[in-house]
Amino acid sequence: MVDIKKKNKLTLMVISGDLDKLFGAFILATSAAASNMEVVMFFTFWGLRALKKNVRTGKSFMGKMMGIMEGGDIDKAVPSKYSFGGAGRWMFKKMMKSKNVASLPELRQMAIEMGVKMYGCQMTMDVMEYPRESLIDEVEDFVGGGFAIQQAQESSIQLFI
Amino acid sequence: MVDIKKKNKLTLMVISGDLDKLFGAFILATSAAASNMEVVMFFTFWGLRALKKNVRTGKSFMGKMMGIMEGGDIDKAVPSKYSFGGAGRWMFKKMMKSKNVASLPELRQMAIEMGVKMYGCQMTMDVMEYPRESLIDEVEDFVGGGFAIQQAQESSIQLFI
Amino acid sequence: MVDIKKKNKLTLMVISGDLDKLFGAFILATSAAASNMEVVMFFTFWGLRALKKNVRTGKSFMGKMMGIMEGGDIDKAVPSKYSFGGAGRWMFKKMMKSKNVASLPELRQMAIEMGVKMYGCQMTMDVMEYPRESLIDEVEDFVGGGFAIQQAQESSIQLFI
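Protein chains in written order, with our numbering: chain A, 1 to 161; chain B, 1 to 161; chain C, 1 to 161.
None of these hints come from the bench; they were simulated from the model.
Incorrect hints may appear among the rest.
[What the hints assert, rightly or not] Below, simulated EDC-like cross-link-like pairs (lysine to aspartate or glutamate); rule was C-alpha separation at most 16 Å, straight line:
| hint | chain 1 | residue 1 | chain 2 | residue 2 |
| --- | --- | --- | --- | --- |
| 1 | C | K6 | A | E138 |
| 2 | B | K97 | C | E129 |
| 3 | A | K9 | B | D3 |
| 4 | C | K5 | B | E154 |
| 5 | A | K5 | B | E154 |
| 6 | A | K99 | A | E113 |
| 7 | B | K6 | B | E154 |
| 8 | A | K7 | B | E154 |
| 9 | A | K94 | A | E70 |
| 10 | B | K64 | B | E154 |
| 11 | C | K99 | C | E113 |
| 12 | C | K53 | C | E154 |
| 13 | B | K81 | C | E70 |
| 14 | A | K97 | B | E129 |
| 15 | A | K97 | B | D126 |
| 16 | B | K59 | B | E106 |
| 17 | B | K76 | B | E38 |
| 18 | C | K5 | B | D3 |
[As the list claims (entries may be wrong)] Some chain B residues well away from chain A (every beta-carbon gap over 12 Å; in silico):
| hint | residue |
| --- | --- |
| 19 | I4 |
| 20 | K5 |
| 21 | S31 |
| 22 | W90 |
| 23 | K94 |
| 24 | P105 |
| 25 | I112 |
| 26 | S134 |
| 27 | I136 |
| 28 | D141 |
[Said to hold, decoys possible] Covered stretches of chain B, as calculated for chain C (at least 3 residues, CB under 8 Å):
| hint | stretch |
| --- | --- |
| 29 | 16-25 |
| 30 | 47-56 |
| 31 | 62-69 |
| 32 | 153-159 |
Please read these numbers as outputs of a predicted model, since none were measured by experiment.
All residues carry an ideal CB built from backbone N, CA and C; glycine is no exception.
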């Protein structure tokens with residue numbers, strides 16, 4: 001047994017790009033930031049959608065296909081259930097708006113303004129063929145699993161979403 | 001670095017309503033309670049299925065549609081794979097029963113009797129238009145992301161399911 | 001408040017058998033092992049795919065059906081999105097290989113060689129009717145929720161994947 005020193009800090013590793021999971025991630029991030037916690041979000045695989053601009057990506061044939069399939073920015077995230085080819089997303093956003101719930105782009109902006117730090121997975125960037133300029137400027141850096149582990153290690157809360 | 005004080009406590013944030021994920025959540029909750037840990041479960045989005053009664057919900061047109069799509073209580077949870085329009089659920093429940101594995105309703109009852117505290121996400125209740133009486137009486141309270149973060153902060157184990 | 005003693009240790013509870021989730025799990029496991037952390041992986045439900053050999057399983061009718069549906073070893077894992085009846089898996093593996101990213105079987109081998117300890121869920125083994133010999137020899141033991149909680153309790157990082 002050693003004495004692990006923890007910061008008052010939340011690390012979120014976000015592998016999912018679903019509307020509901022991203023919602024959960026940003027609600028937790030902003031809630032933690034509001035209670036003065038340091039917050040780090042690490043986005044990998046489908047989670048990178050949260051940081052993407054609405055631009056085409058991909059260089060190789062398969063990269064371009066992936067760019068089409070995963071096309072769109074955070075506003076194009078679909079729910080993990082009942083996506084109905086887009087109708088589910090429309091319905092959810094409508095239901096949330098009617099209850100005055102902030103949208104995903106608004107939540108992300110709030111997180112940025114509250115000082116939440118966002119990192120992208122370099123390996124996913126390579127495999128998916130996302131160029132740096134296809135992601136929002138606010139991304140701090142592109143990193144790997146070792147960085148995610150190190151951040152989690154010094155965080156009092158770590159979650160995989 | 002600060003000295004974060006932790007309780008001998010498990011906080012589960014449950015966003016999923018799939019049979020397998022709920023199974024995992026309640027097995028962990030009862031296992032932890034059995035070893036004298038304090039246990040808090042926070043249910044959000046699809047996870048609220050774990051607390052629902054088998055009643056119709058929804059007021060607006062979309063709320064009613066959601067009420068139909070997400071109809072049913074914890075016993076109606078379908079596996080995240082091989083749902084086959086209900087056949088998968090039937091098959092899983094049959095396979096589990098034949099090996100004397102407790103059902104989801106039984107596991108939840110066990111958790112309640114062991115003192116596991118269950119909370120619902122207020123925002124989901126609003127967006128989904130679930131009235132209070134559509135959930136089981138044992139729900140402690142309806143809360144938000146700040147509550148979930150605070151619980152996780154004082155817990156020695158925190159998981160996002 | 002008590003003083004919870006933590007080891008410099010990562011516990012991963014892996015319920016998912018998707019290519020992307022398993023990838024994330026093994027990247028984190030090997031990254032943590034590389035920075036001298038003790039690493040324990042607990043595989044349950046679909047996650048057991050990570051430990052399976054490419055053999056048929058099941059004794060009862062339903063067990064055999066499950067054995068066919070969940071057939072194949074770690075190399076047969078499909079992505080959680082765009083599986084396209086196998087084409088998605090092929091595409092992903094191709095894209096990863098072209099960027100010199102290690103494959104899942106390679107990552108698992110690396111984890112084993114780095115001393116990562118792997119455990120299987122006994123209950124899933126029973127329900128799915130997987131015999132011991134259908135899993136790789138390197139599995140340390142078959143355990144339950146209590147074991148997973150105990151491991152997480154002494155770990156400085158715990159994640160549910």
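Hints, verified against the model:
1. K6(C) x E138(A): Judged against 16 Å, a Cα distance of about 34 Å means the pair is violated.
2. K97(B) x E129(C): Given that 16 Å is the threshold and the Cα spacing comes to 13 Å, the pair holds.
3. K9(A) x D3(B): The hint holds at about 12 Å.
4. K5(C) x E154(B): holds, 14 Å
5. K5(A) x E154(B): Holds, because 15 Å separates the two Cα atoms, which is no more than 16 Å.
6. K99(A) x E113(A): violated, 23 Å
7. K6(B) x E154(B): holds, 5 Å
8. K7(A) x E154(B): Status holds; Cα separation ~13 Å.
9. K94(A) x E70(A): violated, 22 Å
10. K64(B) x E154(B): violated, 38 Å
11. K99(C) x E113(C): With Cα atoms ~23 Å apart, K99(C) and E113(C) exceed 16 Å; violated.
12. K53(C) x E154(C): violated, 31 Å
13. K81(B) x E70(C): holds, 10 Å
14. K97(A) x E129(B): holds, 13 Å
15. K97(A) x D126(B): holds, 11 Å
16. K59(B) x E106(B): violated, 31 Å
17. K76(B) x E38(B): This hinted pair is violated, its Cα atoms lying about 28 Å apart.
18. K5(C) x D3(B): Status holds; Cα separation ~12 Å.
19. I4: violated, 4 Å
20. K5: At about 10 Å from chain A, K5(B) fails to clear the 12 Å cut-off, so the statement is violated.
21. S31: holds, 19 Å
22. W90: W90(B) clear of chain A: closest Cβ-Cβ about 20 Å, beyond 12 Å.
23. K94: holds, 24 Å
24. P105: Answer for P105(B): holds, closest chain A Cβ roughly 22 Å.
25. I112: Check passes; 24 Å lies beyond 12 Å.
26. S134: Holds, since 16 Å exceeds 12 Å.
27. I136: Holds: least Cβ distance 22 Å, greater than 12 Å.
28. D141: Check passes; 16 Å lies beyond 12 Å.
29. 16-25: This one holds; 4 residues, not fewer than the three required, reach chain C with a Cβ under 8 Å.
30. 47-56: Violated: only 0 residues of the stretch 47-56 of chain B have a Cβ under 8 Å from chain C.
31. 62-69: Result for this restraint: violated, n = 0.
32. 153-159: holds (count 5)
When the structure is compared with the earlier hints, violations turn up for hints 1, 6, 9, 10, 11, 12, 16, 17, 19, 20, 30 and 31 and for no others.
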